[in-house]
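Listed in order, the protein sequences are those of chains A and B. Take the first sequence: its position 106, counting from 1, is numbered 239 in our numbering, and each next residue is one higher. Take the second sequence: its position 131, counting from 1, is numbered 264 in our numbering, and each next residue is one higher.
Treat the hints as calculated values from the structure; they're not laboratory data. Since the model is a prediction, treat every value here as computed from it, not as a measurement. Hints may contain errors.
Which copy? The list can't say, so a pair holds if one copy fits it or any two copies do.
[Claimed, not checked] Keeping only pairs whose Cα atoms sit at most 25 Å apart, straight-line, the calculated BS3-like set for lysine-lysine is:
1. Lys-295 to Lys-191
2. Lys-290 to Lys-191
3. Lys-290 to Lys-218
4. Lys-191 to Lys-218
5. Lys-239 to Lys-371
6. Lys-290 to Lys-139
The primary structure of each chain is shown beneath.
2 protein chains.
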Amino acid sequence: MTAKAKTRQLVETIGELQYLLYAGADRSLLVVLQGPDASGKDGLIRHVFSGVNPQGVKVTSFGEPSKVEASHDFLWRVHLRTPAKGEIAVFNRSHYEGVLAERVRKLVSREIWAERYAVINSFESLLAESSTEILKFYLHISPEEQLERFRRRLADKSRHWKIEEADYDDRKLWLEYQTAAEEMLGRTSTKIAPWYVIPSDQKWFRNYAISRIILRSLRRMRLRTPEPQADIQKIKRKFHDEAEE
Amino acid sequence: MTAKAKTRQLVETIGELQYLLYAGADRSLLVVLQGPDASGKDGLIRHVFSGVNPQGVKVTSFGEPSKVEASHDFLWRVHLRTPAKGEIAVFNRSHYEGVLAERVRKLVSREIWAERYAVINSFESLLAESSTEILKFYLHISPEEQLERFRRRLADKSRHWKIEEADYDDRKLWLEYQTAAEEMLGRTSTKIAPWYVIPSDQKWFRNYAISRIILRSLRRMRLRTPEPQADIQKIKRKFHDEAEE
């Protein structure tokens with residue numbers, strides 16, 4: 134079987150387990166996606182989470198903070214979007230921008246971002262203790278592949294609307310981003326919330342690898358159809374009474 | 134072609150237009166689903182919106198209000214979940230519970246619910262003026278079909294967790310619900326936010342009819358790939374400079 138076909142199978146099984154997660158409503162899953170522009174975060178979401186019932190999946194893209202968001206601490210807007218029990222939440226970018234773009238673009242001082250690793254770890258422990266499984270994926274692409282993808286975007290008029298000059302300019306900061314990413318991975322990969330670095334030059338590999346990890350994590354939850362809340366026998370009796378009327 | 138296959142095609146096209154809606158980010162779509170228990174609201178969402186990229190679709194199920202929600206007016210929690218520009222929001226039950234279950238179960242007085250039709254119409258005008266297309270579907274099933282579906286749920290252990298005694302007891306109020314639904318349809322079906330009553334005893338028909346209406350509504354928006362925000366020529370020059378380095 135090809136990797137693509139295998140991924141489709143994995144995604145289908147993810148959909149089935151998501152139904153049990155939703156039904157049980159006592160655990161949740163948080164999927165964090167980080168990676169440079171054009172690393173394929175949007176594509177990954179489209180491939181892995183289309184096909185899962187959107188009733189139990191909430192995707193949030195964290196862009197430029199709004200005025201209200203910026204007037205709070207950096208975790209505030211993120212905390213609002215964490216998954217409720219029974220839900221899968223997907224973060225397209227996340228609180229990790231606080232130690233990546235904000236650091237590299239010098240939007241905050243070293244004193245500020247250097248404190249954030251510990252704050253993030255403590256925040257994620259809190260989520261984990263509240264029955265949230267956390268999976269963090271860093272989509273790694275080479276600068277050459279990024280250039281190639283930018284080239285294809287520039288050649289395709291239907292994709293011009295997605296292009297921002299700042300994304301392109303970030304290429305000059307590639308090494309600084311790499312340093313920031315490495316420190317982030319080292320400081321915030323924990324047992325309860327590990328980082329997975331996913332080689333993402335090949336889209337089929339990216340989709341396959343991430344689907345597998347998500348599925349494994351859902352399988353480990355040993356999700357089962359929940360026990361009935363109602364007194365089924367009593368309702369059955371009512372039902373038979375009505376049928377005989 | 135069978136209706137099921139046709140529905141799959143419609144859903145695929147809905148997915149394509151949703152991408153343009155998301156890209157353009159200047160319009161939004163609100164889909165409201167109402168109907169008795171077992172009328173198929175969950176199934177409709179699974180069939181029509183799985184397959185659409187969850188990045189642009191937000192589904193909210195409105196159940197029993199939380200303590201905080203109940204301490205606000207009945208539109209407060211609903212307003213929070215209306216679609217942002219570029220999004221599709223799906224309401225599994227909605228503010229209409231305020232003139233259906235709350236009325237029939239006598240949770241609010243007639244003076245309160247009787248005022249709500251005008252308030253709802255004004256609220257929906259506000260959304261429409263803010264570029265939100267509103268489609269409201271009432272999933273109609275016969276009491277016999279509901280009984281049959283309850284019977285199948287009771288016979289299937291894996292679905293016992295979904296059963297609530299109150300749903301069953303609501304059958305005694307079938308006529309009251311019908312009266313409330315008819316008044317709701319008459320008072321709140323407006324040009325900008327029409328109600329569609331969907332015969333839903335047949336699941337394939339329900340899915341097909343609703344997909345068609347949603348697709349027609351998206352088509353009427355005449356969605357186009359948005360104009361680029363960035364100066365593409367300038368970026369192309371930068372790109373060529375880098376390539377030549």
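Results for each hint:
1. Lys-295 to Lys-191: both (22 Å within a copy, 22 Å between copies)
2. Lys-290 to Lys-191: Neither: 30 Å inside a copy, 29 Å across copies.
3. Lys-290 to Lys-218: Result: close only across copies, 23 Å inter versus 42 Å intra.
4. Lys-191 to Lys-218: both (12 Å within a copy, 17 Å between copies)
5. Lys-239 to Lys-371: between (68 Å within a copy, 23 Å between copies)
6. Lys-290 to Lys-139: neither (32 Å within a copy, 31 Å between copies)
When each numbered hint is compared with the structure, violations occur for hints 2, 6.
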